[in-house]
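Participant: Taken in sequence, the protein lines are chains A and B. Residues 1184 to 1295 (our numbering) are what the first sequence spells out, left to right. Residues 107 to 221 (our numbering) are what the second sequence spells out, left to right.
Source of the hints: derived by calculation from the structure; they are not laboratory data. One should not assume that every hint holds.
[Said to hold, decoys possible] Derived list of chain B stretches under chain A, where covered just means 3 residues or more per stretch with a C-beta under 8 Å from a C-beta of chain A:
id: 1; stretch: 151-163
id: 2; stretch: 207-221
[What the hints assert, rightly or not] Just a sample of chain B residues kept apart from chain A, beta carbon distances all over 12 Å, derived:
id: 3; residue: Q112
id: 4; residue: V118
id: 5; residue: T119
id: 6; residue: Q123
id: 7; residue: R128
id: 8; residue: G134
id: 9; residue: R147
id: 10; residue: G148
id: 11; residue: R170
id: 12; residue: S172
id: 13; residue: N177
id: 14; residue: S179
id: 15; residue: T182
id: 16; residue: Q186
id: 17; residue: E189
[Stated by the list, open to error] Derived PhoX-like pairs: lysine-lysine, alpha-carbon spacing no greater than 20 Å straight-line:
id: 18; chain 1: B; residue 1: K130; chain 2: A; residue 2: K1225
id: 19; chain 1: B; residue 1: K174; chain 2: A; residue 2: K1282
id: 20; chain 1: B; residue 1: K130; chain 2: B; residue 2: K184
The C-beta atom is built at its ideal place from N, Cα and C for all residues, glycine as well.
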Amino acid sequence: QKEVEQNSGPLSVPEGAIASLNCTYSDRGSQSFFWYRQYSGKSPELIMFIYSNGDKEDGRFTAQLNKASQYVSLLIRDSQPSDSATYLCAVGPDTGFQKLVFGTGTRLLVSP
Amino acid sequence: DAGVIQSPRHEVTEMGQEVTLRCKPISGHDYLFWYRQTMMRGLELLIYFNNNVPIDDSGMPEDRFSAKMPNASFSTLKIQPSEPRDSAVYFCASSPFGRGNQPQHFGDGTRLSIL
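So here's chain A without its partners, still in its complex pose (with noise of 0.2 Å):
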């Protein structure tokens, strides 16, 4: 069973600080790897993907890739209370197939 696990959290930042939100999987062939924001009630939202370990960015979002010890993390720099969702990472298993494994996804909550 192909596992994605992210902690539910929530995870309490103040505004403006750093948000580090971290997904761990299981199958080490995975090769994609994305980044979904979900507003309670909405639906998931693309925010980032990563391909190749590294980081990636994007304004205030940084997508840090470790295919070594198989984690990925997001980064949300000068958080706002606007960032306040649950944060859904997505794994796909191998190149040429497009099913994604989601983690049950990360509540983050950015306090004013």
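Go by the hints and put chain B onto chain A.
Facilitator: Just chain B, lined up with the frame of chain A:
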């Protein structure tokens, strides 16, 4: 550009009734996915299509569930007969063809309540 469109947004019906959920993927996307989300089980993939052909339906919980994609712009997920444990939010997502996994884009979902 229009995103993934799902209907209805909400559905409340009694146990035993047939339920049909509808989805229009983003134009040009080759893959269509049906997911179910509950508090207990999170987001689960039910079935996905590639170019209108079902590829993997191993997530479909039982024979009461069926899905079709008669053309590139329309898909349905049907539950017959419905049961209270089918109550969940059902999402449709689509993604383009590409080398490796491409980002999936979700519709707004259908919130289904079976009484």
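Participant: Confirm or reject each hint.
Facilitator: Here is what the structure says about each hint:
1. Counting residues of the stretch 151-163 of chain B whose CB lies closer than 8 Å to any CB of chain A gives 5, which reaches the minimum of 3, so the coverage claim holds.
2. Under the rule that three or more residues need a Cβ within less than 8 Å of chain A, the assignment of the stretch 207-221 of chain B holds, with 9 such residues.
3. For Q112(B), the condition that its CB be more than 12 Å from all CB atoms of chain A is violated, with the nearest at approximately 9 Å.
4. Once the 12 Å rule is applied to beta carbons, V118(B) is consistent with being away from chain A; the minimum gap is 16 Å.
5. Against the 12 Å criterion, T119(B) stays outside the reach of chain A, whose nearest CB is about 20 Å from its own CB.
6. For Q123(B), the non-interface assignment is confirmed: its Cβ lies about 24 Å from the closest Cβ of chain A, beyond the 12 Å cut-off.
7. Residue placement check: R128(B) keeps its beta carbon more than 12 Å from all beta carbons of chain A (closest about 15 Å).
8. At the 12 Å boundary, the C-beta of G134(B) stays outside the reach of chain A, the nearest C-beta of that chain being 15 Å off.
9. At roughly 8 Å, the least C-beta separation between R147(B) and chain A is not larger than 12 Å, which violates its mark as non-interface.
10. Some Cβ of chain A comes within 12 Å of the Cβ of G148(B); the nearest lies about 4 Å off, and the non-interface call is violated.
11. Every beta carbon of chain A lies more than 12 Å from that of R170(B), the smallest distance being close to 22 Å; the non-interface claim holds.
12. Its beta-carbon lying about 19 Å from the closest one in chain A, S172(B) satisfies the requirement of being farther than 12 Å from that chain.
13. Every Cβ of chain A is farther than 12 Å from the Cβ of N177(B); the closest lies at roughly 19 Å, confirming the non-interface assignment.
14. Every beta carbon of chain A lies more than 12 Å from that of S179(B), the smallest distance being close to 19 Å; the non-interface claim holds.
15. The beta carbon of T182(B) is kept farther than 12 Å from every beta carbon of chain A, the shortest such distance being approximately 19 Å.
16. Q186(B), annotated as away from the interface, keeps every beta carbon of chain A farther than 12 Å; the closest lies near 25 Å.
17. The Cβ of E189(B) sits about 23 Å from the closest Cβ of chain A, beyond the 12 Å cut-off, so the non-interface label holds.
18. A threshold of 20 Å between alpha carbons decides the hint, and for K130(B) with K1225(A) the separation of about 18 Å falls inside it, so the pair holds.
19. A C-alpha spacing of about 18 Å is found between K174(B) and K1282(A), which places the hinted pair at or below 20 Å, so the restraint holds.
20. As the CA atoms of K130(B) and K184(B) are separated by approximately 15 Å, the hinted pair is consistent with the 20 Å bound.
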